[in-house]
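> Sequence:
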Amino acid sequence: MVHDLSRSPAVVLIVEDETMLRMHAVDMVEDAGYTPIEALDTDDAVAILESRSDVALIYTDIQLPGGMDGLGLAHTVHKRWPAIKIILVSGQLNPSSIDLPPCSRFFGKPLQAWQIIAELRSMIGHA
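Okay, so the sequence shown: first residue is 55 according to this note's numbering, each after it adds one.
No wet-lab data here; the hints were simulated from the structure. Since this is a predicted model, take the numbers as computed values, not measurements. Incorrect hints may have been included.
Computed spacing ranges between beta-carbons, pair by pair [as the list claims (entries may be wrong)]:
id	residue 1	residue 2	range
1	Ser176	Ser62	30 to 36 Å
2	Gly162	Ser105	30 to 36 Å
3	Arg134	Trp168	16 to 22 Å
4	Asp85	His129	26 to 32 Å
5	Met74	Ser107	28 to 34 Å
6	Pro119	Pro149	14 to 20 Å
7	Ala172	Thr89	16 to 22 Å
8	Met77	Ala101	26 to 32 Å
9	Gln117	Ser151	28 to 34 Å
10	Ser62	Ala167	22 to 28 Å
11	Gln146	Gly87	29 to 35 Å
12	Glu84	Ser107	18 to 24 Å
Ideal Cβ placement from N, Cα and C applies to all residues, glycine included.
Build the full structure now, drawing on both the sequences and the hints.
Encoded structure:
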């Protein structure tokens with residue numbers, strides 16, 4: 055399902071505990087034309103997803119504090135909210151494609167903003 059941007063921009067949940075990296079992710083999401091919301095850990099992310107129905111994609115670091123890591127969050131999101139697309143990022147880890155839930159993408163840090171923006175638009179859709 056492609057999001058209809060004529061109504062309102064799609065919402066992207068950014069899960070990143072490092073402030074500078076989270077701010078960079080917010081900038082990329084805004085540059086792609088979407089609305090960012092932020093979570094500092096996986097527990098916050100699940101609480102946000104349980105309270106909102108407008109999240110189109112989650113962008114999560116793999117190494118995070120909370121009850122699970124970003125990969126665990128990705129699998130939880132895929133099971134509970136299968137329509138939500140997933141982008142995982144890490145500077146240390148490079149999970150095999152078997153570890154990733156279906157319809158998710160992985161990017162190693164440092165990130166190229168143009169790649170993330172293009173992937174967001176590819177996964178969510180754009181005008």
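> Are the hints correct? Go through all of them and say.
Results of checking the hints against the structure:
1. Take Ser176 and Ser62: their Cβ atoms lie about 20 Å apart, and the range 30 to 36 Å is violated.
2. The hinted window of 30 to 36 Å between Gly162 and Ser105 holds, with their beta carbons roughly 31 Å apart.
3. Hint check: Arg134 to Trp168, Cβ distance near 31 Å, so the stated range 16 to 22 Å is violated.
4. Checked against the hint of 26 to 32 Å, the pair Asp85 and His129 passes, with Cβ atoms roughly 28 Å apart.
5. Range check, Met74 to Ser107: Cβ separation about 30 Å, and the 28 to 34 Å hint holds.
6. Restraint check, Pro119 to Pro149: a C-beta distance of roughly 19 Å satisfies the suggested window 14 to 20 Å.
7. At about 18 Å, the beta-carbon gap between Ala172 and Thr89 stays in the expected band of 16 to 22 Å.
8. Checking the proposed 26 to 32 Å range against Met77 and Ala101 shows it is violated: the Cβ atoms sit about 21 Å from each other.
9. Taking the beta carbon of each, Gln117 and Ser151 are about 19 Å apart, not inside 28 to 34 Å as hinted.
10. Between Ser62 and Ala167 the beta carbon distance is about 23 Å. The supplied range of 22 to 28 Å therefore holds.
11. Between Gln146 and Gly87, the C-beta spacing of about 30 Å keeps the proposed range 29 to 35 Å intact.
12. Take Glu84 and Ser107: their Cβ atoms lie about 21 Å apart, and the range 18 to 24 Å holds.
In the structure shown, a violation is registered for the earlier hints numbered 1, 3, 8 and 9, in ascending order.
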